[in-house]
Amino acid sequence: MQWNSVGEFFAMGGYALYVWGSFGACALLMIAEPFLAKRRLSEVRRSLIRERLADELETQQRTQ
Amino acid sequence: MRQSIIQWFKFASPQSFYPLAGRMIPWFWAAAAAFGIAGLWISFFVAPTDAQQGEGYRIIFVHVPASWMSMFIYLVMAFWAGLGLALNTRVSAMMAQSLAPTGALMAALSLWTGALWGKPMWGAWWVWDARLTSELILFFLYLGFMALQAAIDDPRRADKAGAILALVGVVNIPIIYFSVKWWNTLHQGSTINLNKAPSMAQTMLWGMLLMALAFWMYSIAVALMRVRAIILERERHTEWVKHAVE
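Which chain is which? The protein sequence lines are U and F, in order.
Position one of the first sequence corresponds to residue 1 (our numbering), numbered consecutively onward.
Position one of the second sequence corresponds to residue 1 (our numbering), numbered consecutively onward.
Next comes chain U alone, as it looks inside the complex (with noise of 0.2 Å):
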């Protein structure tokens, strides 16, 4: 290992900027995303639900 010490390494030998602003930004946006994908099926799912269960609720009325 290269590294003497934690400051050293979060220098990354003066390139700190430009390596962290790299994996940050990998880091960022591949955490996004399946929280985006994530949150796309659970709301088709919720309105599906949701769909059945005022179609539900409308057979019972009509057979009341």
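These aren't lab readings, by the way, just hints derived from the structure by calculation.
Since we're looking at a predicted model, the values are computed, not measured.
Built from N, CA and C at the ideal position, the CB exists for glycine as well.
Where hints are given, some of them may not hold.
Unchecked claim - Below, in silico cross-link-like pairs of lysine-lysine (DSSO-like), each with a Cα-Cα straight-line distance of 30 Å or less: (1) K119(F) with K181(F); (2) K160(F) with K38(U); (3) K242(F) with K38(U).
Stated by the list, open to error - Pair ranges (Cβ atoms, derived): (4) F9(U) with N184(F): 45 to 55 Å; (5) A161(F) with E8(U): 46 to 56 Å; (6) R156(F) with R50(U): 25 to 35 Å; (7) R156(F) with F35(U): 27 to 37 Å; (8) G144(F) with K38(U): 21 to 31 Å; (9) T59(U) with G144(F): 37 to 47 Å; (10) S47(U) with K181(F): 44 to 54 Å; (11) G123(F) with R50(U): 49 to 59 Å.
Take the given structure of chain U and dock chain F to it, following the hints.
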């Protein structure tokens, strides 16, 4: 043989692909995490300092995987779009639609990390050279595909229009790949070359390959997550979807 063909066609229906995708997702996340942890460990703690670029070269461990994936996802997207166009299979078109945002993300990361690498090494965030420009065109192709699909109300017509755009855009992929050979460019040549020994330390190579595998598994996992949402959105008026959500 016949049996296996029938099996594959079975998964071409949204109804059977939806649960299958759901079962596969956790495995791809696990693989992405395992490769990612190993790759990051090598990237930061095993790979030595570069003789010319110091620690700045470590950007390669995300730049190359993102660039590879941006090109590879495009080919896969065009393949599914073309298959959907030819065979009129619904899941292939949905898969193409699901891959586009992930491909765009990879292209954006490739351009972003490239800019952050170019500034300290070349002295410029951006130059209009063949490799950078063709990668920018790839990014716009993804955005164009997504915009075109979103602009057409009838999903089946949107699939057809998108497929044609995706297939025409494939011509850009070899242009990106060979741009460093065909034109005089500031961008360095390919790091991995089949004709000669890799021009980098073994550990650097391993770090890069592991990170590429992590990006690959990530892309599959997130595309499968999105395709599940797309399946429910587009099949919402069918009977099976009504029973699929409890």
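Now the hints, each set against the structure:
1. K119(F) with K181(F): holds, 22 Å
2. K160(F) with K38(U): holds, 27 Å
3. K242(F) with K38(U): Cα-Cα ~19 Å, so holds.
4. F9(U) with N184(F): 45 to 55 Å: violated, 37 Å
5. A161(F) with E8(U): 46 to 56 Å: Since A161(F) and E8(U) have Cβ atoms about 54 Å apart, the given range 46 to 56 Å holds.
6. R156(F) with R50(U): 25 to 35 Å: holds, 26 Å
7. R156(F) with F35(U): 27 to 37 Å: At 30 Å between Cβs, range holds.
8. G144(F) with K38(U): 21 to 31 Å: holds, 26 Å
9. T59(U) with G144(F): 37 to 47 Å: holds, 45 Å
10. S47(U) with K181(F): 44 to 54 Å: holds, 51 Å
11. G123(F) with R50(U): 49 to 59 Å: Holds, since G123(F) and R50(U) (Cβ atoms, about 57 Å apart) stay within the stated range.
Violated hint: 4 only; the structure is consistent with all others.
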